[in-house]
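> Each chain, letter by letter, is given below.
Protein chains: 2
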Amino acid sequence: MNAQQQIIAQVVNAWAAQNKRISTFFNKYDDDTYLNEVAPGRNRAVYLLGHLTAIADDMLSLLGLGDKLYPHLEEQFLRNPDRFFEETPGIEVLKESWQNVNAKLTEHFAQMNAGQWLEKHSRVTAEDFITDPTRNKLNVLLSRTTHTGYHMGQLTFLIQKELAV
Amino acid sequence: MNAQQQIIAQVVNAWAAQNKRISTFFNKYDDDTYLNEVAPGRNRAVYLLGHLTAIADDMLSLLGLGDKLYPHLEEQFLRNPDRFFEETPGIEVLKESWQNVNAKLTEHFAQMNAGQWLEKHSRVTAEDFITDPTRNKLNVLLSRTTHTGYHMGQLTFLIQKELAV
Numbered sequence: 164m165n166a167q168q169q170i171i172a173q174v175v176n177a178w179a180a181q182n183k184r185i186s187t188f189f190n191k192y193d194d195d196t197y198l199n200e201v202a203p204g205r206n207r208a209v210y211l212l213g214h215l216t217a218i219a220d221d222m223l224s225l226l227g228l229g230d231k232l233y234p235h236l237e238e239q240f241l242r243n244p245d246r247f248f249e250e251t252p253g254i255e256v257l258k259e260s261w262q263n264v265n266a267k268l269t270e271h272f273a274q275m276n277a278g279q280w281l282e283k284h285s286r287v288t289a290e291d292f293i294t295d296p297t298r299n300k301l302n303v304l305l306s307r308t309t310h311t312g313y314h315m316g317q318l319t320f321l322i323q324k325e326l327a328v
Numbered sequence: 164m165n166a167q168q169q170i171i172a173q174v175v176n177a178w179a180a181q182n183k184r185i186s187t188f189f190n191k192y193d194d195d196t197y198l199n200e201v202a203p204g205r206n207r208a209v210y211l212l213g214h215l216t217a218i219a220d221d222m223l224s225l226l227g228l229g230d231k232l233y234p235h236l237e238e239q240f241l242r243n244p245d246r247f248f249e250e251t252p253g254i255e256v257l258k259e260s261w262q263n264v265n266a267k268l269t270e271h272f273a274q275m276n277a278g279q280w281l282e283k284h285s286r287v288t289a290e291d292f293i294t295d296p297t298r299n300k301l302n303v304l305l306s307r308t309t310h311t312g313y314h315m316g317q318l319t320f321l322i323q324k325e326l327a328v
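Heads up: the protein sequence lines correspond to chains E and H, in order.
Numbering of the first sequence is given in my numbering, commencing with residue 164 and proceeding in unit increments.
Numbering of the second sequence is given in my numbering, commencing with residue 164 and proceeding in unit increments.
Source of the hints: derived by calculation from the structure; they are not laboratory data.
All C-beta atoms, glycine included, are put in the ideal place defined by N, C-alpha and C.
This list has only true hints and no planted wrong ones.
List time: in silico DSSO-like cross-link candidates among lysine-lysine, alpha-carbon distance up to 30 Å: (1) 267/H to 183/H; (2) 231/H to 183/H; (3) 283/E to 231/E; (4) 258/H to 191/H; (5) 283/H to 231/H; (6) 183/H to 283/E; (7) 183/E to 283/H; (8) 183/H to 183/E; (9) 267/E to 183/E.
Per label pair, the in silico range of CB-to-CB distance: (10) 298/H to 187/E: 20 to 26 Å; (11) 286/E to 184/H: 19 to 25 Å; (12) 168/H to 306/E: 16 to 22 Å; (13) 286/E to 247/H: 43 to 49 Å; (14) 293/H to 286/E: 38 to 44 Å; (15) 168/H to 246/E: 44 to 50 Å; (16) 237/H to 256/E: 41 to 47 Å; (17) 229/E to 184/H: 29 to 35 Å; (18) 286/E to 306/H: 24 to 30 Å; (19) 253/E to 232/H: 49 to 55 Å; (20) 323/H to 306/E: 25 to 31 Å.
All chains, please: the whole structure from these sequences, using the hints.
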């Protein structure tokens, strides 16, 4: 593995490590626990899992890797706030979707080389990409990794006895 | 800029972008606001700023870039929980330290090439590094970036009218 490949592998690993934290968290407690708000007046944990799954699913199209696996999640978990819809998919269903979409992404990422990570993502025009070549697939990966960490910080608050730091 | 340099630059930019979110957040409200807990029973915002500053300061030694600028922060913000000490540095003082340490790190990062990012960090032995060459400086940068995002997610909860997502 040359330096370039190693750097990309580490960035992909950082993304995978954040996903693993989320998976571990949602496998740790009874399903009912996740129906609570992470803090008073904030999103329920189940909503955040739906949100993270919808964001991951969206990466498939954003990175030009294929169609979304769960396009129906977009309306509820990306376009609307928690409790906008009366019904929420069950935790078990969301956990399976979360695993599946990350498995699919992982499969694609294993095939991608550094040059491909530097290609434009699907929502920037060729013209805009010339002006700002950092609007590429690597940038999507980096920002999605931090986004997952952001919500992991919030999910931690769900459990009363765990410290925040 | 070759592909390798661009990749490193984007990872450094992702780190800088998270820092900027923290800076923006702490410049947005009255100083007194940050004396509140981000959620009931959780860390005060001022503690999280001290914590993030101490973590950033620690990167100087972890990355072999020099001595810490604010070694006294370690005891209060890395080794002990919020309110363990009766006194906390003022928000203005912490904000200045936060800016200074990040400016110092930014200065160093601008001089580092890809090969240097793949060097071992200062807290892994040469032997362990042979076994796992990902225990390098790049890994520190990636994990600190997500760590900042994690606490940014929590800080968002401080402000009642802002939505969590």
